[in-house]
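The sequence shown lines up with residues 1 to 196 when you count with the UniProt record's numbering.
Check before you lean on any hint, since a few could be wrong.
With a Cα cut of at most 25 Å, we get these calculated DMTMM-like pairs of lysine to aspartate or glutamate [claimed, not checked]:
1) Lys185 <-> Asp111
2) Lys185 <-> Asp96
3) Lys166 <-> Glu195
4) Lys166 <-> Asp145
5) Lys185 <-> Glu195
6) Lys185 <-> Asp145
7) Lys62 <-> Asp96
8) Lys62 <-> Asp81
9) Lys62 <-> Asp43
10) Lys166 <-> Asp133
11) Lys166 <-> Asp194
12) Lys62 <-> Asp48
13) Lys62 <-> Glu80
Bear in mind the hints are in silico, worked out from the structure with no lab data behind them.
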Amino acid sequence: TAANGQLTRLDVTEMASSVRLSAAPAQRRVTLSWQANTPWSNDNQTHDVYRSRSGPAGPFNKIAEVRVQGSPYTFTDTGEDTFVADGNTSRVLSADSSYCYRVMTRGQYTDTQLVGFNPIINYSQIICATPTDTTRPCAPVLGLDSLNCANLTNESLCDQTSFTNKLRWQLTTSPSCDPNVVSYKLYYGRYQQDEP
């Protein structure tokens, strides 16, 4: 403060944001991108990517050290853990599971008066994503045991209590389809040319 009691501004801090992480799921992979608005540079550094399969509370394992150039920074998780010092958590990313991520950035001031603060460590928020599933389920082979009405006599029609067709199907497998079928939907058309 000055002698007259007025406050005197000595310096001003520059605006800085935390690291903002986003995720774009794809088939058996999740692409992460992150950026930050900071007065220091996060370019030409190594950023660490962490993954948890147990939800946002963790535990998180470092799965990659990503050498970045310029923002926005990106990394695609295909399930491979390239940093095994904390345990190998490599896995095939499944559309049945959610994976949570966090990124740690390293930055540095270029101002020679501030280089003593380097490196500047900053963490992103935690974001969770589920890989997509675009593989079609395997189509079943349908069999039909139909009632042959032409063979029924007038007398047998009187003794018939129900007129039924029996459907049966068998699962087929192929490398181009997913055999993990959860349910089937049955459609009926009165005539063969009817659309379901």
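Hint check results:
{"no.": "1", "hint": "Lys185 <-> Asp111", "result": "violated, 66 Å"}
{"no.": "2", "hint": "Lys185 <-> Asp96", "result": "holds, 21 Å"}
{"no.": "3", "hint": "Lys166 <-> Glu195", "result": "holds, 20 Å"}
{"no.": "4", "hint": "Lys166 <-> Asp145", "result": "holds, 5 Å"}
{"no.": "5", "hint": "Lys185 <-> Glu195", "result": "holds, 14 Å"}
{"no.": "6", "hint": "Lys185 <-> Asp145", "result": "holds, 19 Å"}
{"no.": "7", "hint": "Lys62 <-> Asp96", "result": "holds, 22 Å"}
{"no.": "8", "hint": "Lys62 <-> Asp81", "result": "holds, 8 Å"}
{"no.": "9", "hint": "Lys62 <-> Asp43", "result": "holds, 20 Å"}
{"no.": "10", "hint": "Lys166 <-> Asp133", "result": "violated, 33 Å"}
{"no.": "11", "hint": "Lys166 <-> Asp194", "result": "holds, 19 Å"}
{"no.": "12", "hint": "Lys62 <-> Asp48", "result": "holds, 7 Å"}
{"no.": "13", "hint": "Lys62 <-> Glu80", "result": "holds, 11 Å"}
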